Amino acid sequence: DAGVIQSPRHEVTEMGQEVTLRCKPISGHDYLFWYRQTMMRGLELLIYFNNNVPIDDSGMPEDRFSAKMPNASFSTLKIQPSEPRDSAVYFCASSHRGHHYGYTFGSGTRLTVV
Amino acid sequence: AQSVTQPDIHITVSEGASLELRCNYSYGATPYLFWYVQSPGQGLQLLLKYFSGDTLVQGIKGFEAEFKRSQSSFNLRKPSVHWSDAAEYFCAVGPTGFQKLVFGTGTRLLVSP
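Heads up: the sequence lines are chains V and H, in that order. In terms of this note's numbering, the first sequence opens at residue 318 and continues consecutively. In terms of this note's numbering, the second sequence opens at residue 354 and continues consecutively.
Derived by calculation from the structure, the hints in this document are not laboratory data. There may be inaccurate statements among the hints.
Computed cross-link-like contacts, SDA-like style, restricted to lysine to any residue with a CA-CA straight-line distance of at most 25 angstroms [claimed, not checked]: (1) H:LYS414 to V:GLY320; (2) H:LYS453 to V:ARG358; (3) H:LYS402 to V:ALA384; (4) H:LYS414 to H:HIS363; (5) H:LYS453 to V:VAL370; (6) V:LYS395 to V:GLU379.
As the structure is a computational prediction, the values presented were derived from the model and not from experiment.
Can you make the complete structure from the sequences, with help from the hints?
Right, here's the structure in full:
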């Protein structure tokens, strides 16, 4: 298995632009998580899905952030408009119900908003 | 509410010396506990997990952790550290092994020659 695949690995964008981060979970995994990592706040859960349905989006910072999971093999996290304080590493992770092995994380997308 | 405390932000250990990273958790029921490692520029990799059975669990790369319910702790240990162990280590707790996990703030391990 190729693991959890995130794209792009790095993104540099100007303030005000729309940014879309992508994630392909491990095949057969039915949970998908989006985390944000910063020096100041550590790892924060933004949102997670079960069977493509958003279960908890209480960590989404504000309306500028949105996430979708149109099918079991793809999810997006969109920021519109982006701001410098959104600069962080965004991780996607997936897991499978019944397998109590924790998550498998992707390699992350490093977002820089200038 | 669930929470995880990793009291040490940085730890420096000499190569070959033993290591213990501390993790304390707050959780209302029997927790599922995890340790992850993150190398620079990489995602988090699972080191080991505990959810039942023997309270001393073995993981990859020679790491082990001991669950102590009375102390609400799940400390990570390694008898002899290698330079390649330099990384950031995260403790996490959750209701199962596949649902929402709460992570600690991490401990950065530095290994001196």
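Do the hints match the structure? See the list:
| no. | hint | result |
| --- | --- | --- |
| 1 | H:LYS414 to V:GLY320 | holds (20 angstroms) |
| 2 | H:LYS453 to V:ARG358 | holds (18 angstroms) |
| 3 | H:LYS402 to V:ALA384 | violated (29 angstroms) |
| 4 | H:LYS414 to H:HIS363 | holds (20 angstroms) |
| 5 | H:LYS453 to V:VAL370 | holds (14 angstroms) |
| 6 | V:LYS395 to V:GLU379 | holds (12 angstroms) |
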